[in-house]
Structures are given as C-alpha cells and as structure tokens.
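On the provided structure of chain H, position chain A as indicated by the hints.
If you read the protein sequences in the order shown, they are chains H and A.
Residues 1 to 376 in the working numbering are what the first sequence lists, from first letter to last.
Residues 1 to 227 in the working numbering are what the second sequence lists, from first letter to last.
Read the hints as simulated data drawn from the structure, not as lab findings.
Some hints could be false.
Calculated lysine-lysine pairs in the DSBU-like style (CA-CA distance at most 35 Å, straight line) [stated by the list, open to error]:
1) H:K184 / A:K79
2) H:K174 / A:K125
3) H:K366 / H:K217
4) H:K364 / A:K5
Sample of chain H residues facing chain A (criterion: CB under 7 Å; computed from the structure) [to be verified]:
5) P203
6) F204
7) S215
8) I272
9) N273
10) K277
11) T278
12) L284
13) T285
14) G286
15) S288
16) E291
17) I370
All residues carry an ideal CB built from backbone N, CA and C; glycine is no exception.
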Amino acid sequence: MKDVMKLVGIMIISFCAVFVCHLFLNYYMDLIVLKDDILMGGMMIFYEAQLSTAKLISFISGGCLILTSVIMLFFYIKHYIDIHRKELGILKALGYSRLKIASHFWRFGFSVLIGCLLGYGGSFWLMPTFYATQNQDKILPDMTIHFHFLLFIFLVVLPTVLFSLLAIVYSYYKLRGSSLTLLKEAPITKAQSKKYNNNKDIPFLTELRQSTVKSKKTLAFFVIFAAFCFSSMTQMAMKMNELASEMMGVMMMVIGIILASTTLFLAITTVINGHLKTISMMRLTGYSQKECAKALLGGYRPMAYLGFVLGTIYQYGLIQMMLLVVFKDVAGIPQYHFDFVAMFISLFSFIVIYEIVMYVYSQKIKSLSIKAIMLE
Amino acid sequence: MINVKNVKKSYGAMNEILKGISFTIDEGDFVVILGASGSGKSTLLHVVSGIEVPDSGEIYYDESNIALFSDRELTQFRKENIGFVFQQYYLLPHMNVDKNVKMGADLVGNQDYRKMIEAIGLKAKMNLYPSELSGGEQQRVSIARALAKKPRVLFLDEPTGALDEQTGRQVLDYISKLQKQYGFTIIMVTHNENIAQMAHTIIKINSGQISHISTNAMMKTAFEIGW
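Same shape as in the complex, but just chain H (with noise of 0.2 Å):
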C-alpha cells in the first residue's frame, strides 16, 4: 500500500483526464437533448461549435492524458519489480508461482480509481459555473444539469477495471524468467551496451551525463512531456480569454502547471532515487554536489526545451484547426496569429521554474547522507 501512494502522478493524471473530459463529455450529452429546440441558423451554428469543440477537447485532452498514464503505470510497474527484484525473486522461489504475484499489482489501478473519483467529482462541482459561462451570451435555452450513468461507467469503473488489468498483464509480462534472474542483479546486455556506447575519449561526467539519460528514455519522455503541458497549456490559457471564456484560462493553466510539475517532479525524483549509489560514490570520491547534479539532471534539460518547443507548435497548431474546422462558420470569432507575448511570458516562466527545482534537488544530492546510502 505504501509503494501504491507513490503513484500520485497517475492519481494526479486520471483526475485532469476525467476532469476535462467528464465537462466536457456532460456538456455534449446535456447539449445533445436540446437538438430539437435550435431552430435558428445561427443558433445552429453555435450549438454544432459547442458540440465539435466538447468533442474535440475530450478526445484530444482524454486521448492525451489516458496515454500518459497507461507509459506512467508500465513505468511504476518497471521501476517496482526493479527495485524489489529480489524479494519477489524469493516468492518465486518460495513458490508462489508468476499468476500470484502478478494477480497483487491489480492495486496498482486503485490509484486510478482514486484520481478519476476525483476527477468526477471535481468536475459535477464546476459544473453549473462551466455550463453558465459556455453559454453566457444566452444563444442557447437554458441547460440543466443531468447525471449520466454512462459516463460514470467509462470514466470511472472502466479506468479502474482495464488499469487493474493492464497492471496485472505487464507485471505477469516483466516477472517472466526464473527466480534466480530477478534475485541477481540484472546484467547488460549487448544491446544495451553498444547503446550506453562508452567512448573513451569523452570524460566520465558527460559519459554519465549520457548514459543517465539513455538508461531511463521514459523518465526522457516525462520531463518532455512535462515542458510539453507546460508549454501548450499555460499558451493557450493565456489567449483563452479571447478565444472562449476567462474560466477556460484558468481551468488550462492550473491543468497544465498541475500536470508539469507532477511530471517533472517525477521524473526527477526517479532520477535521483536510482542513482543514489552513484551520487554517494562520486560524493565520496570528492566529486562536488554541483558536479554530481549536473552530471545526472543536465543530460534532461534539452529534452525539456525540447517539449517546450513541442509543446508551442502544438498549441498553435490546435487553435488554428479549430477555428478553421470548428469555428469556421460561427460569426465574430477572433483571427488567430502566433502570438509572441505569450510565448515568451511562457517560456520565462518555465526557465525560472525548471532551474529553481533543478536546484531544489541539486540541494538535495548535498543533503544525502553518504553514510547512510552506503549502509543500505
């Protein structure tokens, strides 16, 4: 239970998820029983926008989020059976056979259940709010709130159920082989070899700076995916005013500074519990605290520049193909150009937040005990 609570990054993931979609899934399904009463055309044409964009959102924001969590779960999944190989190398040799141990992880999607409750709930709050500010300039009757069944099926006990599942698939997966295999230590292969590469002419921080990050790739896509959210989302809060409503802004930026710092927090933090040993090895050595923080988490920073270049592209991207699929036929909808303001006031904030936790943890590897590290 105790490894369970450490996955607060998919809770945190599952509740934006269910959150953004399950408003905008309600909405749709709310705005669906008024097809009968638009007669107008213009009226038609904001009702099929407000359809489009509600479906458009949940699958793009849903899609997006629902894929983060299954890599984030098979990422917890790995790093779980990697960091307690040998005491499940002693089940299996006391017996319990891969089936049983496996059939445990299915808790593993009840950090899943937790964020999508969450999530649910969350979202029936800010529901009157949301549904009030969609149709402020009262275009459209007024709405009632329903309760759908059906949503709460697939928003909530369907996550749960197939995350269980997926959990206990990949765990009976990554505990194949003896248990003589995961009570070792896992050796390298020659694949991996010729990819940690080991040039002998570079110096050992840039071959570790290196390999850190070949070592880990899904820990690579976490800090891009973070700069990514980051990037698109505080973007796009910033031109929602504009664009939709003042609480659409709000709502993406709290989303995306949530989803950013939760991923990059973990991805750090995973960084810096794997190489324990190693800091505590290069501390002892006489390698400096900057030296070893630089060494482990400077190899992360292009990627992050990297999502956050992504992350802009595809902001832009998004808001253009719905004002000209979408919105094309609505009335008084703004002209979009790529705007420069709010990249920059994006970008520097992601520079000052990025290296203020790149110094948190630096200031973490100097309050490591060496002497407790090695004693583990």
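Just chain A now, kept in the frame of chain H:
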C-alpha cells in the same frame, strides 16, 4: 601524518559508538583496524576518512584538522587525499571497467589511469561491465578506481568480506604490491585477525575504545597468512 585525538561519535543520546579514540599513523604505513562486528571500527574509518564528522575530538592530516572542515572542504579534502574500497564494490553498473576507473582518474586529471587497470590484471576486460565480472574482478576494479586518483591514503572497509579465500588472497596481494609501488598509506578495517598479519600497525578496537595497538615487524604476504 594522521593524528587522531580523543575522537567521539554517537548516534542518538544513548548510543555512543566511539568513546575517545586516539592514535597516530605515519605516512606510507599499512594499518589494520581490527574488531568484532559492532565494535565501531567502520564508524572510525568513516570519521577518519572524512565521510562523517565526529561529535568531538581532532583529526589532523599534517597541520589540518578535518574535524572542523565544512562539507565543501571535506569534499575537496577527499578529492585530493582519499581513496575508498568497500566490501560491496559500488561500481557504476552502466559503465564499463574503463569508465569506472576513469571516474577516479578524471578527478585529478590522471591520463595514465589505464596503467592501473593493467596493474590489477584487467586490461583484457577493460570493456566489460560490472555484471560481466566475478566478485574478485569487481573488487580489483574498485581498487583501481580508488588508486587512479592517486590518493595519499587508501581506506578499505572489509575488502575481502564478500570473496572466497583464493580470490581474497589475490585481492590483498594486489593491494600490498600496489602500495609498495606507489607508497600510499593503507588503513584497512577487518574482523579477520589473519589479515592483520599483513599490516605493520594493528589497532584493536573493542566497544568503541582502543584495546591494543601493536606493530608488526614481520609483515606476511597475502599467501602466507592463514584464512
């Protein structure tokens, strides 16, 4: 060269590990700290090597009292003076032998570090990873890593604890030969009284206090001692 004066160290109010330890070690000496499990010998090694700060007392390396050093000063001190070898090797798993040794060498800009790999007999295995080496080979790599930074003092914490007799003797033989070649000081912690016969100075420690210090004129080789 090393002068330890009345060093005390506790973990919590009721758990005093070192109860006023004092001794002197000369440059180039081979010292063994001998004691049973829980006697405080590893804590003593950590304190004297600058991994930990004592609660009270003085630890002089020439004229500098490292007990008063800040964290940054201790890091610099370890960088310039100290090499470590542990029972568990602590090699970096994603780095091959060459890179693991380079970790130590780069700190002092030692370009000739491969001579050290050659000296420990692992030239042919330079591109292998720790998981591809035997326990004895891994320990030899950790010795090469420690010596590649040309330390004045090499600290060894039960270096043969995880090795069988034959491999243990080989590792000790390498250490002893390298000391004769490079002239560094050795401070080795062990519970094995036989290994102490290789040392010049033997410090026996019991319940956080020194019970006996002796010198051994007839230092034996790794293949002459019992096991």
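Hint-by-hint comparison with the structure:
Pair hint H:K184 plus A:K79 holds up; C-alpha atoms about 32 Å apart against a cutoff of 35 Å. Between H:K174 and A:K125 the alpha-carbon distance is near 31 Å, which keeps this suggested pair within the 35 Å criterion. Restraint check: the Cα-Cα separation between H:K366 and H:K217 comes to about 26 Å, which is no more than 35 Å; the hinted pair holds. Distance restraint check for H:K364 and A:K5: the Cα-Cα separation of roughly 33 Å lies within the 35 Å cut-off, and the hinted pair is therefore satisfied.
At about 6 Å, the closest approach between the beta carbon of H:P203 and any beta carbon in chain A falls short of 7 Å, and the interface hint on this residue holds. About 4 Å separates the beta-carbon of H:F204 from the nearest beta-carbon of chain A, less than 7 Å, and the hint is met. With a least beta-carbon distance of about 5 Å to chain A, the hint placing H:S215 at the interface is held under the 7 Å criterion. Taking 7 Å as the C-beta cut-off, the interface hint given for H:I272 is violated, the closest approach to chain A being about 15 Å.
The interface hint given for H:N273 is violated, since its Cβ lies 15 Å from the closest Cβ of chain A, which is over the 7 Å cut-off. At about 6 Å, the closest approach between the beta carbon of H:K277 and any beta carbon in chain A falls short of 7 Å, and the interface hint on this residue holds. Interface hint at H:T278: satisfied, since its Cβ lies 6 Å from the closest Cβ of chain A, which is below the 7 Å cut-off. The beta carbon of H:L284 comes within 6 Å of a beta carbon in chain A, closer than 7 Å, and the hint placing it at the interface holds.
Using the Cβ-Cβ criterion of 7 Å, the hint placing H:T285 at the interface with chain A is satisfied: the shortest such distance is roughly 6 Å. For H:G286, the interface hint holds, the least distance from its beta-carbon to any beta-carbon of chain A being 3 Å, beneath 7 Å. At its closest, the beta carbon of H:S288 sits 6 Å from a beta carbon of chain A; the interface hint therefore holds under the 7 Å criterion. This hint is violated: H:E291 has a C-beta 9 Å from the nearest C-beta of chain A, more than the 7 Å allowed.
The beta carbon of H:I370 is positioned within 7 Å of a beta carbon in chain A (closest approach about 5 Å), and the interface hint is therefore held.
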